[in-house]
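Engineer: Single-letter residue listing:
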Amino acid sequence: DIQMTQTPSSLSASVGDRVTITCRASQGIRNYLAWYQQKPGKVPKLLIYFASTLQSGVPSRFSGSGSGTDFTLTIGSLQPEDVATYYCQSHNTAPHTFGGGTKVEIK
Amino acid sequence: EVQLVESGGGLINPGGSLRLSCAVSGSTFTNVWMHWVRQAPGNGLEWVGRITSKKDGETTEYAAPVKGRFSISRDDSEKTVYLQMNSLKTEDTAVYYCSHGAPPSSFFDYWGQGTLVTVSS
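Which chain is which? The protein sequence lines are F and R, in order.
Residue numbers for the first sequence follow our numbering, beginning at 1 and rising by one.
Residue numbers for the second sequence follow our numbering, beginning at 1 and rising by one.
There could be a bad hint or two in this list.
Calculated cross-link-like contacts (lysine-lysine; reagent style DSS-like; alpha-carbon spacing at most 30 Å) [as the list claims (entries may be wrong)]:
| no. | chain 1 | residue 1 | chain 2 | residue 2 |
| --- | --- | --- | --- | --- |
| 1 | F | 39 | F | 103 |
| 2 | R | 79 | F | 42 |
| 3 | F | 42 | R | 67 |
| 4 | R | 55 | R | 67 |
| 5 | R | 79 | R | 54 |
| 6 | F | 39 | R | 89 |
| 7 | R | 54 | F | 39 |
| 8 | R | 67 | F | 45 |
| 9 | F | 45 | R | 89 |
| 10 | R | 55 | F | 39 |
| 11 | F | 107 | F | 42 |
| 12 | R | 54 | R | 67 |
| 13 | F | 45 | F | 107 |
| 14 | R | 67 | R | 79 |
| 15 | R | 55 | F | 45 |
| 16 | R | 89 | F | 103 |
| 17 | F | 103 | F | 42 |
| 18 | R | 55 | F | 107 |
| 19 | F | 45 | F | 103 |
| 20 | R | 89 | R | 79 |
| 21 | F | 42 | R | 89 |
| 22 | R | 89 | R | 67 |
| 23 | F | 39 | F | 107 |
| 24 | R | 79 | R | 55 |
Since the hints were made in silico from the structure, they are not lab data.
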């Protein structure tokens, strides 16, 4: 089964900073990679799918890139409302494994 | 508006069984592939399993930790998907979410609010 490894597990950044989260798949998954945002006590929200396609309604400061085994989620200018845990997920073939999550906080 | 509503969670002894339901409205339910995802307290998201649509054979896949103990089924007439959980272990304690995306994708636009399953004696 594919393993998804996210780094870092947590980060603290200032408002306006550019934030980058990395996700690595244990084997190639082409561009079948999704990113989710989960705020405390809330249901996960889809941000990006097929590695770089922004879900409707998601702010343009969020972007995704990568293919194969290495992927990146970037928040172009961190906002207070972006405090959350972010997860990557392989949506290629089952099992559709999630990464361990990256908790983003404001410094 | 698409809505997913889970039910059936609760407190159950180790070794016991429980069936969760997820009622879907606002989607073309017959076409969607339905998934279950769980989240143990304070932990990350874990994909549990999925069932394809009837036209895609209603095939199921499961994560390794639940294979052989959990099974997913669907009733298109009721627009409901089920998660039958047998031989429950304490490590199955989690909030269980049902979810789906545009068929036949396996990324999830839509999520239920979750139902808590607590396995404890």
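Engineer: Check the structure against each numbered hint from earlier and tell me which ones fail, lowest number first.
Structural biologist: Violated hints (numbers, rising): 7, 10, 18; every other hint is consistent with the structure.
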